[in-house]
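Note that the protein sequences, when read in sequence, are chains A, B, C, D, E, F, G and H.
Read in order, the letters of the first sequence correspond to residues 121 to 371 in this note's numbering.
Read in order, the letters of the second sequence correspond to residues 121 to 371 in this note's numbering.
Read in order, the letters of the third sequence correspond to residues 121 to 371 in this note's numbering.
Read in order, the letters of the fourth sequence correspond to residues 121 to 371 in this note's numbering.
Read in order, the letters of the fifth sequence correspond to residues 121 to 371 in this note's numbering.
Read in order, the letters of the sixth sequence correspond to residues 121 to 371 in this note's numbering.
Read in order, the letters of the seventh sequence correspond to residues 121 to 371 in this note's numbering.
Read in order, the letters of the eighth sequence correspond to residues 121 to 371 in this note's numbering.
A couple of the hints might just be wrong.
Stated by the list, open to error - Some chain D residues close to chain B (C-beta under 10 Å, calculated; not the full set):
#, residue
1, L212
2, Q214
3, L290
4, Q292
5, G326
To be verified - Just some of the chain H residues that point at chain A, by a computed CB distance under 7 Å:
#, residue
6, K137
7, C157
8, A158
9, G178
10, Q183
11, H217
12, F221
13, D354
These are computed hints drawn from the structure, not numbers from a lab.
C-beta: ideal position from N, C-alpha, C; glycine also.
8 protein chains.
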Amino acid sequence: MNFETLSNILSMVADGKLAVGQAADQLKHLSFEDIGCAHVDHHRALRKGFPEVIFGQGKTSEQIIAILGKLEKSENIVLVTRIDREKADHVLSQFPHAQYFDDAHLLKIEKQPPAITGRGTILIVCAGTSDIPVVMEAYLTATAMGNQVKTLFDVGVAGIHRLFAHQKELEQASVIIVAAGMEGALPSVVGGLVKAPVIAVPTSVGYGTSFNGLTALLGMLNSCSSNIAVVNIDNGFGAGYMASTINHVGV
Amino acid sequence: MNFETLSNILSMVADGKLAVGQAADQLKHLSFEDIGCAHVDHHRALRKGFPEVIFGQGKTSEQIIAILGKLEKSENIVLVTRIDREKADHVLSQFPHAQYFDDAHLLKIEKQPPAITGRGTILIVCAGTSDIPVVMEAYLTATAMGNQVKTLFDVGVAGIHRLFAHQKELEQASVIIVAAGMEGALPSVVGGLVKAPVIAVPTSVGYGTSFNGLTALLGMLNSCSSNIAVVNIDNGFGAGYMASTINHVGV
Amino acid sequence: MNFETLSNILSMVADGKLAVGQAADQLKHLSFEDIGCAHVDHHRALRKGFPEVIFGQGKTSEQIIAILGKLEKSENIVLVTRIDREKADHVLSQFPHAQYFDDAHLLKIEKQPPAITGRGTILIVCAGTSDIPVVMEAYLTATAMGNQVKTLFDVGVAGIHRLFAHQKELEQASVIIVAAGMEGALPSVVGGLVKAPVIAVPTSVGYGTSFNGLTALLGMLNSCSSNIAVVNIDNGFGAGYMASTINHVGV
Amino acid sequence: MNFETLSNILSMVADGKLAVGQAADQLKHLSFEDIGCAHVDHHRALRKGFPEVIFGQGKTSEQIIAILGKLEKSENIVLVTRIDREKADHVLSQFPHAQYFDDAHLLKIEKQPPAITGRGTILIVCAGTSDIPVVMEAYLTATAMGNQVKTLFDVGVAGIHRLFAHQKELEQASVIIVAAGMEGALPSVVGGLVKAPVIAVPTSVGYGTSFNGLTALLGMLNSCSSNIAVVNIDNGFGAGYMASTINHVGV
Amino acid sequence: MNFETLSNILSMVADGKLAVGQAADQLKHLSFEDIGCAHVDHHRALRKGFPEVIFGQGKTSEQIIAILGKLEKSENIVLVTRIDREKADHVLSQFPHAQYFDDAHLLKIEKQPPAITGRGTILIVCAGTSDIPVVMEAYLTATAMGNQVKTLFDVGVAGIHRLFAHQKELEQASVIIVAAGMEGALPSVVGGLVKAPVIAVPTSVGYGTSFNGLTALLGMLNSCSSNIAVVNIDNGFGAGYMASTINHVGV
Amino acid sequence: MNFETLSNILSMVADGKLAVGQAADQLKHLSFEDIGCAHVDHHRALRKGFPEVIFGQGKTSEQIIAILGKLEKSENIVLVTRIDREKADHVLSQFPHAQYFDDAHLLKIEKQPPAITGRGTILIVCAGTSDIPVVMEAYLTATAMGNQVKTLFDVGVAGIHRLFAHQKELEQASVIIVAAGMEGALPSVVGGLVKAPVIAVPTSVGYGTSFNGLTALLGMLNSCSSNIAVVNIDNGFGAGYMASTINHVGV
Amino acid sequence: MNFETLSNILSMVADGKLAVGQAADQLKHLSFEDIGCAHVDHHRALRKGFPEVIFGQGKTSEQIIAILGKLEKSENIVLVTRIDREKADHVLSQFPHAQYFDDAHLLKIEKQPPAITGRGTILIVCAGTSDIPVVMEAYLTATAMGNQVKTLFDVGVAGIHRLFAHQKELEQASVIIVAAGMEGALPSVVGGLVKAPVIAVPTSVGYGTSFNGLTALLGMLNSCSSNIAVVNIDNGFGAGYMASTINHVGV
Amino acid sequence: MNFETLSNILSMVADGKLAVGQAADQLKHLSFEDIGCAHVDHHRALRKGFPEVIFGQGKTSEQIIAILGKLEKSENIVLVTRIDREKADHVLSQFPHAQYFDDAHLLKIEKQPPAITGRGTILIVCAGTSDIPVVMEAYLTATAMGNQVKTLFDVGVAGIHRLFAHQKELEQASVIIVAAGMEGALPSVVGGLVKAPVIAVPTSVGYGTSFNGLTALLGMLNSCSSNIAVVNIDNGFGAGYMASTINHVGV
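Build out the structure end to end from the sequences listed, making use of the hints.
Right under this line is the structure:
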């Protein structure tokens, strides 16, 4: 049916019944491919500026390979997030040119490095060494989307002078991602020091009443700094994606 | 004692002290078999239109085999839900004609395919590929209960044109089951497009604040579409059962 | 712009470029009226079988009056739910032919009684006298949507013989709504007795760990009877709406 | 020091400075043995009517063996609860006359069977086959404490006639324990049928929003039957203990 | 229909088709009166040993008066719980011989004082002065049900010697009710001192993380003393009722 | 001491010991005024691009007036958020040139309209009429911070064609704020249609399991669209502030 | 009985049967006064270093007056916490020399100012002006217990230079109390700057997901600074009491 | 850069532009070492009185070894908390002089035993044998920080005479740590007996509604004894650290 729709649109254009611009608009929203287990969204790159990203969790490696096979044909970069080592090995055996990043649980197929299109530098800051996997997921995502990205590890509020020593980098960033577990206080402090928008990512680092990151999340949602918005716990991917979107505003 | 009760009823009928209809009514509610670890409910098929379904979780394979042995004698179809591969293998060694469905964690003994008795088509829609196991449980249940069932995978709201391409199927279904994890928004959108009743099934797909499906559940309970009711998280069985019940209203 | 779209569609029909059926399909989804504070959805009755219902909570009486003024022109019945006495009085001063139902917090404008179009009888059962307001909201909604509706009050499980005395009514209903607060056990018992689909409505009746209906909700979601689906706490409107949708399956 | 205290009390009695009754009172509360990892409470049997029970969870098998070694000397029966197979094997190698019950995760040393001292029969009822482990823990505890105990399995509310068939046993019991998971509705129904006190035990049977027994617990706490009190989730031990205490009121 | 059922039973008895004992059994479960807003349960006293108690919350005073009018005819004592001053005044204007207890929010009609039928003394203990309303509800309920009841106020664990001074009363009670808010530790301490069963009632006394009694409830459910079972927050009525049931075991 | 610090810095500059740029950097972080009840942060406008905003909730009107008195001297625009009518009237009596916005509970002193400095247009979309107060708080904040702002009301997912009719405005916005209560599904749908960053604001519109906006919040945090970040429930101010920050990236 | 106990002890001392030291020990733990609604704990000052403090919430003013009447006779200072204006006026009419503090909801009777006995200075810091009521409760409590106390208001992390300007006071304090609402990040930052123990008090300042102080509490419990312990939400009294206890260690 | 900063400070001191005291102050706050995965905080011992402690959870053993390598050079004692056996073995292979404590999951490098600098004795009390791992973490921490520490195991409230037998030790301690799981009642009882500050540590010992220590935590936060403050669940390290800080007040 999808093909049918496409044909109709094209013949309407051919007949002069539909303007080219209108046809483009319609195509932007109607095109996908039904492969049984999934509706692969081929025009997402056109509509959203970045191709569909495969959420690996809960999918079999067979399903991932099938979707990847379709996306890889038309896209320069494809990401699979939340894919564990075992499934990744299965995928790598089919796509040997793919890269797997252990700490970020992310698999990437990249035909050529993306052009840097973002306005400024995205700075990713984390409170402790244990937050690094989440930072890496954000880093790989934002880099894949065409941004200059820098990182700053282990500058939590228990030794706040470590953060202040990097004030210049904080002030120069166009967007800042702050990842923190436990009490999640770092985004408030960073947010209070800069003008730039801050994307706060709670991590599941902690124990007891950290409730796997819920406490950090709640702290970030209640920040007394106002240039902060929050994504899901351990959602490094979403933080990197959102930061890239912000870094491309008006581009 | 059950036997005694039965005898009493029958002799009352024999003596003309009890009308046949009244006797049937009473039998419908009184018959079961006590096998120690369980009270097997033999007349459930009569009372409810479908035989007792065995909830496999928390039962040993010995207990499942014992109950199955009793039910199988009198029923055309028996289902065991939430039974893992290991227990299923044990059961299959005793009931070689049974079928086990890995993705749905469901075991079925079916003497002959059920007649289609439902009014229309039940359509099962899911937001993402990772929701497929829940869909399969619903599919197998509704099919076993005598319904025409169709499925539609991976049409979540992040690429909503994929859903709209199937508008005709949505409008033609007599009942729609919608399974979704994460934010659980799909039932609201589907519900807003159709007249038919929608059974929403939250799935545990997601991470962090998805809270293993709680977020999807809460979203579905608060839907701004009103032709929606909700079942437990990952309860594909219940969704299929309820949809079948609706598809047989007045039948 | 809406008008523009409409004109285009109509002129395409006039020019023979668009079949009548296709035009109707498009109109069904595109028509609404922007009145500033709201987008009034005029074609909802066509698409969904019942006109837009106004959710009164959080709206000023001025806003309700404005929306009502638009809907009333084209619809036979309009409902406003969750409207308190004070706002209702304000609305009644503008629409003197409207009726307000104190216990259900519902306001209705009905030009003429709706035809009975549902298949069978909807039975609404509640566990205690304190659940009556929720029952009344369901009753008024289902009645307005063209159903035969009966009620059965105060038959909770603490004196379960009161329920069994009404077994015939239970068995004859095509759909059953069960409202209960506290432990919310009644839907499980009713569901176990009948073939028909049961819509369970948790009510906020109770105290302490009833958590304003959350306990009843959770109980209903975990029912060991499978012909049950659940709506939001105190959502008599949704229960009545869903029951009507079920009672009209295939109609 | 404990010994010192004991000596003082005895010499005061010897000197006529302390009456025998008063001395007994004091001894009842002061005696224990400090073995480093634990303060073994030797006089609990005197004070509470049953010796200290060892909570196995979180203890090493070495610690359990040490405590058992002390208690076993002076007591007729000693129980270890929540002890897994592996630790139990370790303990059994030291105390070969002990018995381990796999389903109840309970280990028992019993020198001779306890005399029946309870007033009537304790009846333990459960909703489903999966609740049996909890029932067994209650059964073993209540039996060890000198009670006549009966059980009734798989009589949940989805097929309520199975329960009613046992009405006589329900009415004859002096205390009833009801174990149920999922929605936990069974205690309300049982409580509504009898005069006797009902101890409700929520079990972790279920999935999704059963929240590992929390839903059953909340349902039981909000029961509309009033002859019900509740113990912790899966606390078969506590239920059996409490029931025995009730069955010995005034004995 | 109820009348019909009754007639049938009676004529069967008259015809010798039904033994008197069996008829009594059946009547015990079948009799109630449908007054529209409620099904008044007239035989509850026979079945449960105490007449139906009216739960005042969420009922209008008109509804309470209607139900009271029916119950009062056949019962010696009728209780209305959770009825506020305003509704109570309305009821008192119709039933001038009723008594209202402000602190317990309980209304009682008592034709003559109940006979003392319980085995021993029920002792009600509370942690602080602010728990007194809950204690009073328990006191009035247990007294109405034919028990000797004593109270002990303000003996919380922060000054634990106040409790120990009453050790004799604790040891002599046949059942103990312990009400406490805040951390709810008192039942554990009391339970550790006595053989008798302890009914723990969490109260909503406290602030912040007392969560209106939830913390006390959780503490009580996790008591390391095993002769404890728990009722809902602020449920003085249930505690008194359960204690009376226990105090009548085997009576 | 603040004054002392300032003097030191200035004399170091005067003596050539400190470069002007360094001095400015230091001043940016050190200046505030201690007025007893508050430390007024005079240099926030310099550091953060917008002066300190007064959080009105929990402050007395006297405190608000005192802080306002200090800020008003040096700033062009001052906002007080979450200030109710009564306190606002008190403040207005002292600052007659202030404006109070009833629906947004916001008070503003504006010496002259701010220049438009943001890159593009901020579009604020809401699901229902009841969300308007939150939208207004966002609108007033973003406008005060120098942005072009447009609004779009009542385009929730139950009638999704209302949203699609505004697709052009959605695509042209540089940042989109989406406010929604109940299931909070709208941001996912909007996010799926555009490239721009979306700030999602859950509102407390709803009842029962909407849990005062918690359900909407959770839904938004779990959105399957990735260009979304979330602020606190009903935090229109934060949404407007964050959107403005994004709209000024690199400005 | 209390009197009897006292007599016994004294006569044993008189007879040389009990050493003076032992008698003192016993008296320290046994003395209280039963006034019906309360057990007034007269020896708490001796045992705990400060007399019993009356928790006003949930007590009637009559009960408060009765307890106060007993305590006032023997103590130099008596505090009533969580007493509202209305009850306080009632108490003040009986104890005209008492003082009531509106913001702290605390009533004090002080015969003469307490001697300063604490080791160093207790510093109370709060994040915002809205936290002042909690600070005042802590201030009045710690002052009444014989400590030098200083305060520092409105130095939250959004403008962290305001805090750093007071670094000397922070370093000189022997104990620091930090009160904060919203995300509750201030204690972590303060804790990271000093050696002294920090008592963190979450306040209910905030909205939405601040959950009335729960978020601040969780943040404080998960602080990455280790010299922090936490008290209940809004528990200024407990914070002041604990700080005083710390400030008197070894005194 | 850190080196540069240091040089600048030192040359300013050399030039007489900076007083020695001021330089010391600045150094105290500015020194750390950036090793990529972490910012090692070398001056924490100076600022806080104890060197940085490595939180082992979520770090790889490589990261732990790298940080340890830096800290070990300058510190007498270094602790790694929450490090499991496997990682510890890896670390021990590099630092053979380190000690690993299995029950406490703590690794220690100690060049020489710390001097005892605390004022008095810290007493650590626990409710049950299963709490010992948490006690050991507290014990090792407080000992490493220069305190005299004693322990008292298994004195929970179910046999409260075991606690009272140790009253002298309780009264002599300068600070008391109380660890308890389940209902967490022990701190309240201990707190009521002594003047000293009590640090309460909830443990995750329990099951069902113990919610992994949450119930114990809530109980402790709501203690009716006021000389209590609380740390995170199972946070033996924090309890030991805080107790040491208190034991060094004014030292």
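Each hint tested on the structure:
no.	hint	result
1	L212	violated, 22 Å
2	Q214	violated, 29 Å
3	L290	violated, 14 Å
4	Q292	violated, 14 Å
5	G326	holds, 8 Å
6	K137	violated, 21 Å
7	C157	holds, 5 Å
8	A158	holds, 4 Å
9	G178	holds, 3 Å
10	Q183	holds, 5 Å
11	H217	violated, 24 Å
12	F221	violated, 18 Å
13	D354	holds, 6 Å
When held up to the earlier numbered hints, the structure conflicts with 1, 2, 3, 4, 6, 11, 12 and fits the remainder.
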